[in-house]
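From just these sequences and the hints, can you work out the full model?
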Amino acid sequence: MFLTVILLALSFLAIIFAIGMLYSREIVHAVIYIAGLFIILGLIYFMLDNTFLGAVQILIYGGAVTVLLMFGVMLTKREIMDKKESITTEYEYVVLIALTISIYIGTLFTVSSYPLSIYYMSMYTLSTVLFNSFIGAFVVMGVIIMSSIIGAIYMVKEVE
Amino acid sequence: MNEVVLLSLSGILLGLGLYGVLTKKNIILTIASIEIMINSAIFNFIIFSSYNNNPAGDVVALFFIALAASEVAVGLALALMMFRIKKTLNIDVMNSLRW
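Protein sequences appear in the order of chains V and C. Throughout the first sequence, residue numbering follows my numbering, covering 1 to 160 in sequence. Throughout the second sequence, residue numbering follows my numbering, covering 1 to 99 in sequence.
Check before you lean on any hint, since a few could be wrong.
As the list claims (entries may be wrong) - Which bits of chain C does chain V cover? Going by a derived footprint, with three or more residues having C-beta under 8 Å, they are: (1) 11-22; (2) 28-34; (3) 45-58; (4) 63-71; (5) 74-83.
In case anyone wonders, no lab produced these hints; they're calculated from the structure. Even for Gly, the Cβ is constructed at its ideal location relative to N, Cα and C.
Written out as structure tokens, the structure is:
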């Protein structure tokens with residue numbers, strides 16, 4: 001019961017932050033809102049007894065991705081957010097599509113039945129699975145990250 | 001009860017991210033909305049992994065977090081290149097490949 005109340009409060013805060021990110025006028029405020037959303041999702045992972053991924057979420061998303069987005073804001077000139085038409089005009093269909101998808105997924109999850117207990121996932125178990133069953137995927141992930149970072153640096157390199 | 005709350009939150013976040021992707025005109029906010037959608041997918045993996053005591057979901061979530069971080073790096077490099085060439089961040093002017 002206590003866990004349910006805390007999860008409801010955190011979910012409410014997450015939705016508030018997401019809506020604030022979508023409707024803030026200043027782009028810096030939007031980035032701060034999305035940092036709050038990522039940190040709240042990390043807190044929810046902590047509540048689910050998944051401490052390692054909660055820490056990873058807060059470190060990578062709450063720290064690195066937010067700072068990267070903030071650098072993107074700082075390195076460009078802000079002009080579009082000051083105008084009225086920073087959002088497309090024909091957004092009624094978009095609201096319809098987004099509502100339909102979220103209601104469909106929500107009811108799909110609500111009518112299904114799941115086991116009720118949360119299991120504690122230790123870091124030992126996670127690392128055992130990661131470095132035994134998924135070692136090939138781990139190496140491929142390293143190659144993908146390295147190639148994408150090299151590509152990003154090559155793209156923003158000054159050309160004369 | 002708990003899992004219904006969490007999975008509904010995941011669905012709502014997916015819808016909000018989709019709304020942001022389809023309506024925002026600033027490319028940085030579009031990347032941020034894509035991040036929200038990826039986060040809702042990762043959230044689903046972690047919920048099911050926690051409730052089914054299966055660490056494979058956690059491993060996939062870890063891979064997705066790494067992939068999303070590199071995706072943000074490439075997307076922001078694209079945004080900087082676009083700002084350097086077009087002098088704006090409006091997505092509507094990014095139409096040179098449209099036929």
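Would you check chain V against the stretch 63-71 of chain C, counting CB to CB pairs closer than 8 Å, and say if three or more residues qualify? holds (count 8)
Tell me whether the statement that chain V covers the stretch 74-83 of chain C is true, taking a Cβ distance below 8 Å and needing three residues at minimum. holds (count 8)
Count the residues of the stretch 45-58 of chain C whose Cβ falls closer than 8 Å to any Cβ of chain V, and tell me whether that reaches three. With 10 residues close enough to chain V, the hint holds.
Chain V over the stretch 28-34 of chain C, status - at least 3 residues with CB closer than 8 Å: This one holds; 5 residues, not fewer than the three required, reach chain V with a Cβ under 8 Å.
Outcome, coverage of the stretch 11-22 of chain C by chain V - at least 3 residues whose beta-carbon is closer than 8 Å to one in that chain: Coverage by chain V holds for the stretch 11-22 of chain C (11 residues, Cβ < 8 Å).
The earlier numbered hints are all upheld by this structure, with none contradicted.
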